[in-house]
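Student: Starting from the known structure of chain F, fit chain E onto it as the hints suggest.
Residue numbers (the working numbering), protein chains in the order written: chain F, 24 to 267; chain E, 79 to 341.
These are computed hints drawn from the structure, not numbers from a lab. Source: prediction; values computed, not measured. For each residue, glycine too, the CB sits at the ideal point set by N, CA and C. Honestly, I wouldn't trust all of these hints.
Simulated coverage check for chain F against chain E, where a stretch passes if three residues somewhere in it have a Cβ under 8 Å from a Cβ of chain E [unchecked claim]:
1. 72-79
2. 99-113
3. 118-129
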Amino acid sequence: MSIEIKNLSKKFNEVYAVKNINFTIGTNKTIGLLGPNGCGKTTSIGMMLGLIKPTTGDIIIQDKNINTFQRNTLLSIMNFASPYVELPKKLSVKQNLQIYGRLYGVKDLSLRIDELAEDLNLKDFINKKTGELSSGQKNRVSLAKSLINKPEILLLDEPTASLDPDIGDYVRSYVQSYKSKNKVTILLASHNMAEVERLCDSVIMMKKGKIIDQGTSKEIINRHGRTNLEETFLKIVRSKDEVA
Amino acid sequence: MRWHKIYALCLRHIYLISNSLPRIIDLIYWPTVQIFLWGFISKFFTLNSEYYSNTVGIILTAAILYDFLFRVSISYNIMFLEEIWSRNFTNLFIAPIKLSEMIASLTITAVFRSLIGLIPAALLAIPLFGVSVFKIGLPLLALLFSLYIFGVTLGLLVTAGLLRFGPSFENIAWASLFFLAPLGCIYYPVEILPLSLQIIAKGLPLVHVFEEMRNILINGTVNYFEIFISILISVAYFIFGVIIFYMAYFGARVRGTLINMGE
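If we strip away everything but chain F, and leave its shape as in the complex, we get (with noise of 0.2 Å):
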């Protein structure tokens, strides 16, 4: 499943969030977003997702287009997760998945919970209160969800976010190892440079709304003169207007 996006902005209040950028993340990809706070990363990923509509611009999903192609269909077989969003704290973590898997429209739906239950070490805590859990039990318990309908486009949005080193590594191993064994295409915004030098095939550097470079790791990193991704980082988003 591909994703093409095509000169996309978005402006909100005169102001641009995301200004005219244009990419393409092949099928089984895992493209990383990266960029300081405000650069447009998560209003990227909102009209991707159909949540925000574009000032202009169009995002092709295998050759259809989100905002004029029936917008569920697309998202049947989509998902996204982020330690912004959570699930419902009263209910157990079971319910959670139970309620997503039928809006997902899974088959064999305690099965598939209970693949994931396995994968995802949930078993010890699957009918505990989701509000009861830790932020790593909660974590991947969102993943789970984000994995229920088994996606072929998966969005993240700093999923190891505010994680220890030890549960933030099980995360990155775990979408490493499920992305082997499965065709999905990810779309990965983080903050965090070792995580994207590890898991991304390609990358996307934003500043204030605009794509200023894009590349491997590798490519990036020798672009800049640098030795890795994070000093990378810091060398662009400390420069001024510089656009690849």
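Tutor: Coordinates of chain E only, in the frame set by chain F:
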């Protein structure tokens, strides 16, 4: 509309209620308090008012019907607010569901949530005050239906406000029904209002419902035309409410407020 999706959305609220005894108690508690309060007031008026001297329990019956309307509307608002409070809003709006399915699930669940409170309260009124709302007979169903549709409409308008203005609109959610109560002529005949307000009041289904309730209990006759008018007005408002809700949703997509609702 796909019923399995509507069922899944209803299930979220069914789980929420069934997981929590305090929530169930809360649903029953307020209508019961209303019954006690209005039961004693009703008893007092019955003994001291000429207007009500021949008919026991008009005020209490009105209180039960009004409480049903209030519960439907508030239930609708609370269920929508629950999604904002739990920061589940984004998850819900990126799921492959239609707005009509979301409206249908809230509409269906609101009636069950309201009946959990109303049925015990209505039954309690029989032995405690000798007043049975069921005395109205079959027209009661039509009156409740009209109130239900109007309650859902108020819920729709408030949720549209929440989509448009964000969680800060929450206070309006609580106050919404009290704006209309004086014009609804719940406890008094429409003739009490000044003529200019009577014209406005007759544009609301409440006047027709409560006037007809009094007519049935006092005169023992049923004016089906009045009931039909109340349902017609409720349905017209409902259609208006749905349009406003859709407009608020599309406006929220343009403003980008759907993605950070609840933060």
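Student: Now, for every hint given, state plainly whether the structure supports it.
Tutor: Comparing the hints with the structure gives:
1. 72-79: holds (count 5)
2. 99-113: holds (count 12)
3. 118-129: It holds, with 8 qualifying residues against the three required.
Going down the numbered hints, you'll see the structure goes against none, and every one checks out.
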